[in-house]
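Undergrad: Sequence lines, in order, name chains A and B.
Each residue of the first sequence is one higher than the one before, starting from 539 at the first, in my numbering.
Each residue of the second sequence is one higher than the one before, starting from 539 at the first, in my numbering.
Certain hints may be false.
Since the list can't tell identical chains apart, any single copy or any two copies may satisfy a pair.
[Stated by the list, open to error] Listed next, the in silico DSSO-like pairs over lysine-lysine satisfying Cα-Cα at most 27 Å (straight line):
(1) K1071 with K826
(2) K826 with K1132
(3) K971 with K1008
(4) K826 with K1138
(5) K1070 with K826
(6) K1070 with K1046
(7) K559 with K1010
(8) K1079 with K1161
(9) K1008 with K1045
(10) K1132 with K834
(11) K1084 with K895
Honestly, the hints are just simulated from the structure, not real lab data.
Protein chains: 2
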Amino acid sequence: MTKTVQSTENVCRAIPFTDVKIDSLFWNSVLETHHRVTVHTVVNRCIETNRVNNFIKSGKYLKMGIDKPLPKELEFEGRFYDDSDVYKAIEGAAYSLMQYKDEALEKKIDTIIDAIEEAQWFDGYLMTFYTIDPENKGQRWTDMDRHEMYCGGHLIEAAIAYYSATGKDKLLKVSKKMVDHWMKIFGPDKRDWVPGHQEVELALVKLYELTQDRRYLDFALWLLSERGKDHYVSEGRPYLDKDQLFYKREYHQDHLPVEEQSFVSGHAVRAMYMYTGMADVAKYFNKKEYMNALTKIWENIVYSNMYITGGIGSSIENEGFTEDFDLPNVSAYAETCAAIGMVFFNHRMNLLYEDGKYAHIIEREIYNGVLSGVSLSGDRFFYVNPLESDGKPFEEGGHKRRQEWFKTSCCPTNLSRFLPCVSEYIYAQKNEKIYINQYISSTGSININGVNLNIIQQNNFPWDGEVEVKLKADKKVNATICFRIPDWCEEYSYQYSGNINSPIGLKKEYVCMDIEINGEETLKIIFVMKVKKVHMDPRVKEDQGKIALQRGPVVYAFEEVDNPHGIDDILIGRDTQFYSEWSPDLLRGIVRLKVKNDEKEWNAIPYYAWDNRELGKMSVFVKELIDNTRSVEN
Amino acid sequence: MTKTVQSTENVCRAIPFTDVKIDSLFWNSVLETHHRVTVHTVVNRCIETNRVNNFIKSGKYLKMGIDKPLPKELEFEGRFYDDSDVYKAIEGAAYSLMQYKDEALEKKIDTIIDAIEEAQWFDGYLMTFYTIDPENKGQRWTDMDRHEMYCGGHLIEAAIAYYSATGKDKLLKVSKKMVDHWMKIFGPDKRDWVPGHQEVELALVKLYELTQDRRYLDFALWLLSERGKDHYVSEGRPYLDKDQLFYKREYHQDHLPVEEQSFVSGHAVRAMYMYTGMADVAKYFNKKEYMNALTKIWENIVYSNMYITGGIGSSIENEGFTEDFDLPNVSAYAETCAAIGMVFFNHRMNLLYEDGKYAHIIEREIYNGVLSGVSLSGDRFFYVNPLESDGKPFEEGGHKRRQEWFKTSCCPTNLSRFLPCVSEYIYAQKNEKIYINQYISSTGSININGVNLNIIQQNNFPWDGEVEVKLKADKKVNATICFRIPDWCEEYSYQYSGNINSPIGLKKEYVCMDIEINGEETLKIIFVMKVKKVHMDPRVKEDQGKIALQRGPVVYAFEEVDNPHGIDDILIGRDTQFYSEWSPDLLRGIVRLKVKNDEKEWNAIPYYAWDNRELGKMSVFVKELIDNTRSVEN
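This is chain A alone, in the form it adopts within the complex (with noise of 0.2 Å):
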C-alpha cells in the first residue's frame, strides 16, 4: 500500500450533527419519541432476548478456559450475528446521551461494555457466537459469511459514538485490539477475506478519521479490493455448485472487481454499506475507478430499483435486487435497513461531488422510506415496507404490522442509531462555503476562517415550503451559500438580506452565491409546494396506469380507516381536486389530502404514518382515471 491519502482541508463535510441543534414542529417530536422511547427500548430488547447475555456468557466461558467443556448455562442463544444488535443499540444510546443527559442510560450501557469487554479473546478476537455456540465455539474464520466483520464494524462505530458521548475508551480499546487482531491475519500477504456482509469498511474509516492511523484505512482499501477475485469460492462455502455460487457471489457484490460493478445487486443492505464504504475510501485515495462505479450504481438504483418512498431491494428472497423495474407493492421487501444505508450512501455522495441530487434521496428517505420503520409511538418497527396491503391479519396471509422486536432485529437497532444524527445531513462545508442540504428548523455552529457563525433556520417542513435562514457571525465575513432546490420544487423564490458579490444561479440542483454576512443577514426562500401526481416509470409493470400522490418530499397513502367506502375504487384523473388539511390532532400532527372527485372524496395520509391505527387496507398507488372519451383512430 503505497497510496497517499488525500489531504481532506479541501473537502466537503457534514456540519456534524453535534453542532446542529434542532428544533423542529416536526422533527422535535420524531427526535423526542426516539430519545423517550426508541433508545431504551432498544436496549432492554437487547438484555431481555439475551443478546447481552450472550457476552455475559462469554465472558464467563473465557474465564474458565475456552479449553473446558462449554456449560449447558453459557450455550449461545439466538442468531449467528446478534450481537451486532447490542453494538447498535449502544451507538444509538450514546448519540442520544450527546444531546440528553440521561444517567441511568449510561450506566446500563456501561454495564454492557464491561461484557463487551468480557467476551474478547485474547488475541482480540470478539464474536459470541464462535465463543459459546456449542457446535461452531472455536471455528472462527472459516465461513465468510458468518458476519464477524460486520459485527466487528458495528463494535467499531459503537465505541466511536460512546467515546464521542462520553470520553469513556474502555469500548474503543476493545476495538482497536480486534482490528489489530483482524490485520495479524489478513492482508496482503497473509489470508484473504472477503466479508459476507459489507459494513466493516465503512466503520474502519471512521475508526481512522478518530485516530489518524492510516493502516485502518488500509485495510478497508484491502478488503474492497479483495471482492470480486473468487476469495469467497475457494474460502467459503465449499460444497455449492457453480450456479450457486455465482448468484452467491452476486448476492454479496463479490461477483466482479468492486470498481467494475455498475449495477446493483443482491443484498440491499449489504450493497448499501459496501457502496457507502467505496464512497470513504474514495475520498481518502481519491479512486476515481471507484467513483465512477458509483456514480453508475447510483443510477441504477435511482432511475430502476427505487419505490417512490426511496424503498430498495424489492425482493424477499434475496433481500435485495432482481431486475430493473421491479417493484412489485405488496410484495415489496424494501428492507428499513437498506432505505438508511441508502442515506448513508448518498450522504458520502452528496459530499464527494457536491451535488444535490444525492440529497434530494436523502430527503425522500428520511420522510418516507426510513420514517416508516419506526411507529409514531416509537417502540415498534417495520423491517418489511410495503407500499400496498390488502388489510388482512399476517396470520391470513396479510402485511406484518409493526413489530415490537424480530428474530434478526436489524431494523429497529439501525433506527436508534440513525434518527439521533439526522441533524447530520443538514448542513455542509467545504472551507467558506455552506450548502444547505435539508431544510430543516435548525441551528447550526459553522467556522469560516475563524468566525464563527451561526445559521439558524426556521420553516415548518414537511408541511410548508417557507423557509427562513438567519445568518449570525461574529464578524464580517464573506461565505458561498448553496441552497438545495428540492427535487419536486418547480417553482421558488428567494431573497437575501445582504450584498451578493457572484453570479447566481443552479448549479448540481443547488442556487449558489457569494454573500457578505455583515452581523447578522436573512435568507428567505419560498419553495412552492404543491400535491403532485407522480407516474412510475411505464417500465414498472405494477404501476402501470396508476398515480401516487406527493405533496413536498411527503409520499402520501390511503388507508382504509379513514376512508369508510373502501379505497378500491379511487380514481384520479385530470378533474380530480385536491385539499391539503392541517390536522394537529390526526397521526401526531399530518398534513391530510383531500382528493375529490364530481361526487367522491377520500383521504390521505403521509406514507410514513401509515399501520398506526386499525389494520385495513392500504396503498400509495392508486388507479388513474383515463378519459376514455377519445376514441382511437385507424
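With chain A's structure known, arrange chain B on it following the hints.
TA: This is chain B only, laid out in the frame that chain A set:
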C-alpha cells in the same frame, strides 16, 4: 352574443417581429436564404403551377357572366384548396417586404392581388374552385370539407400582412367583403356551418385585432361553438355511414364540443389551427372552459404524442394522431405544417399563461421539426419529416427527399410565411414585465410606461449557451425581467449589473426579478450546454432500448454520409464519449457531435440539416448499449 370582450391592456403580448431585429449568426443565414430564395420560390411556383392563373381565369369568367357556359380555357386547374397557397405566398412576401425593400417583388404581388380582387363575386364570395371548376362551379357552401373558409382565413391573414407591410388595403377590402358575405349567410339564427379545415377562426381574430370590429370576434367564437353538434352529419356528407361519420368528425375535431375535448385527435394541422383559434378567443372572452380544455390537450400532445423533434401527427392515414405513444420513426408523418401549427398554439398558450413550458416547445420546433422542413438552399421542402430513413430512393420505397413543390403545397408556403416572423417569439411584455422567451441575438424595442427600452441580446445560440442581454433605456426605469430557463438546461448562472429589488427565483420556467435600469445595464446568463442522452417514454415501442442525442435545443441525427462504416451498429452506452466540434464549413455551419466508444467513432449532425447531401441512411434514435455483466437473480 352578449359576452363582454376583455380588455387586453393587462394581458401579456408578444413584441411584434417588426420591433425585433435579429442579428444572429444562425438565424441571419436562415432568414437571408429565406428572403433571397424561399419567398421568391413559393411565389413563382404559385404562378408556374397555375395557382395564380385560377384567379385570373375566375376574374375573366365573372366578367363574362357566370350564367354563361364555362370556356375550356378558363377551367380550374389543381386541387380545390390551391387558392390558399397563393394567399400564404403573399403573406410570406409581405413579411419579407417589411424587413427588406424589394420593389420587383412588391409589384409582382400587386398584380396577383389585382387578379384576386377580380376573382371575387359581386356578393363577396371568393374561391376559384367553386367559380371555375367545371363540375363544381356555383356549388358553393354545399360541402363543409371543401376548405372555403380555410382559404378565406388565409386570405384574411395575407391581406392583413400586406396592408401592414405596404399600407395598401385592396386585399383587406376584398377580405372584409368576403367575411361580410359569410356573416350574411351563417351565424346564430342563420345557417349552421362547421369549417372542415380550421384556420379561419384565428384569422378572424387577427382581423378583429386590426379593425377592432367585434363582429369578427363573435363570428370566430360562433364557428368554434358550432363544433361537436352534429352539423357536419346533417350538412356535410349524407352518404357516410355512422362509423365513417364518427371517424370523419374526429378527423375534423368535430366529435365533441370544443370545450369538452381533452385529447388530441384527428388531422394534426386542423387540430393545431383550431387550438390556436380557441386560445385567441379564450383570451378575448376569458373563456375558462376553453383554457381548461387546451391545457389538457397540450399535456396529451406533449407527453404522449410528440416526437423529440417536436413533430406531431404520426400517421399518413389521417395526417394526424393515432394512439398515445404511437410514434414510429421511419413512417413518421410529422408534417411541417403541424409543427408550425404547434408553434402558433404554444405561442398563444405562452402568452395566456405566462408559462415558459410553452416556449420550450417553440424552441424545440424552430430548431428541429419546423426547420427540417426547408433545405439549406431554401428551395426544397419536406412535407413529411421522418426520424429515420433506410436511405433507399423514393422509387424503391425509401423516403421522399425534399421536393421543389407538391401537388398539395401547404408546407412550402407555410414555411415562407412562418420563418420571417420568427423574431416574434423572442420577447413578450405585460406592462412592466418583460419576458425573454428565446435566446436569439437581436434588438427589441419595448415601451415601458412611456420610456423606450432597447433590449439587445447577444449569443451564439443554438451552439453555445452564453447570453448577454443589454438593456438600454432613455431614462431610469423599473422593469421586471423574466428569462426562460430552457428545459434542456440543468445548470445556469446569471448576473445583473444593476439593482435587483425583489426576491428572485424560478416560476413557471422563468427566473423573474424586479430590476432598475439606469441608462444601460447588462444581464449575463450562462446556460450550461451539454450533450444529453434522451430516452423517449418507454411506452413508445419503437424507441425502447434506444436513445437520441440533444445538445442545447438541437436534436441530432446520424447520417450515412458522415459515417463511412455505416450507422447500423451505433451503440451508445454509459462509457460513450461525446465531443462537440464547431464545423463552420459543414452544412452552413454546425456543431457536429463526435460519438466515441472504445474502438469506434461516429458523427452526428443537427436533425434539421439532414438530407442536404447525398442520399443515405439516417437515424435520430440509435441503440443503447445495455451492459449485460449484470445477471438477473432468482
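Undergrad: Decide, hint by hint, whether the structure agrees.
TA: Against the structure, the hints come out as follows:
Within a single copy, K1071 and K826 get their C-alpha atoms only as close as 38 Å, which misses the 27 Å cut-off; across copies the closest is 23 Å, which meets it. Taking identical chains as interchangeable, the C-alpha atoms of K826 and K1132 lie at most 27 Å apart only when they sit on different chains, with a minimum of 24 Å there against 48 Å within one chain. Taking the closest pair of Cα atoms, K971 and K1008 come within 27 Å of each other only inside a single copy of the chain (16 Å); across copies the shortest separation is 31 Å, beyond that limit. Proximity of K826 and K1138 under a CA criterion of 27 Å is satisfied inter-copy only: 24 Å between copies versus 55 Å inside one chain copy.
Taking CA atoms no more than 27 Å apart as the test, K1070 paired with K826 passes between copies only; the shortest distance there is 22 Å, against 37 Å inside one copy. In this assembly of identical chains, K1070 and K1046 lie within 27 Å of each other by CA distance both inside one copy and across copies; the values are 23 Å within and 15 Å between. When the C-alpha separation of K559 and K1010 is checked against a cutoff of 27 Å, the pair qualifies only within one copy, where the shortest distance is 15 Å, while the shortest distance between copies is 49 Å. Both within a single protomer and between protomers do K1079 and K1161 lie at most 27 Å apart by alpha-carbon distance, with minima of 13 Å and 23 Å respectively.
In this homomeric assembly, K1008 and K1045 come within 27 Å of each other (Cα to Cα) both inside a single copy, at 23 Å, and across copies, at 24 Å. Taking the shortest alpha-carbon separations for K1132 and K834, only the inter-copy value of 22 Å comes in at or below 27 Å, while the best intra-copy value is 39 Å. In this homomeric assembly, K1084 and K895 come within 27 Å of each other (Cα to Cα) both inside a single copy, at 25 Å, and across copies, at 25 Å.
Every hint, counting from the list given before, is met by this structure.
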